[in-house]
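Novice: Per our numbering, the sequence shown starts with residue 1, numbered consecutively.
Warning: the hint list may mix true and false statements.
Quick list of simulated restraints, FRET-style, between CB atoms [what the hints assert, rightly or not]:
no., residue 1, residue 2, range
1, L106, A39, 37 to 47 Å
2, L83, A60, 19 to 29 Å
3, G7, G113, 53 to 63 Å
Honestly, the hints are just simulated from the structure, not real lab data. Backbone N, C-alpha and C define an ideal beta-carbon position, used for all residues, glycine too.
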Amino acid sequence: MRETSLGLVPDLTGTHPLVGLVGYARALEICATGRFVGAEEAVSSGLANLAVPAAELDGAVRDLAAALLAAPRDAVVETKALLRGAVDRTYDEQRAAERAAQSRRLRDLAGLGD
1 MRETSLGLVP
11 DLTGTHPLVG
21 LVGYARALEI
31 CATGRFVGAE
41 EAVSSGLANL
51 AVPAAELDGA
61 VRDLAAALLA
71 APRDAVVETK
81 ALLRGAVDRT
91 YDEQRAAERA
101 AQSRRLRDLA
111 GLGD
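Please model the entire structure based on the sequences and the hints provided.
Specialist: So, in structure tokens, the structure goes:
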């Protein structure tokens, strides 16, 4: 995040996930110095899921896109919602949310609808 080196602050809420992934001290160091985070560090700190050589990028993107598109859409939508809300829920609340989502999926797969 190079905004600070331009006299600005990081915006677009990138600071929230950054602190969550790397902690306050490293996030401050990255933002205050505007230093470049390389691929290896990005993967090891959770900022990126995968790093590949440039020559393999197109194939890696195709493979990931194919894997994402192969998953049943409604199951992915429910899973995304569960993961997005997990940080704000207690264990019991998350368990209840998962149970409700699974019930919806099973009803849908059985053709029972809502």
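Novice: Hint by hint, note whether the structure agrees.
Specialist: A quick look at each hint next to the structure:
no.	hint	verdict
1	L106 <-> A39: 37 to 47 Å	holds (41 Å)
2	L83 <-> A60: 19 to 29 Å	holds (23 Å)
3	G7 <-> G113: 53 to 63 Å	holds (55 Å)
In summary, the structure agrees with every hint in the numbered list given earlier.
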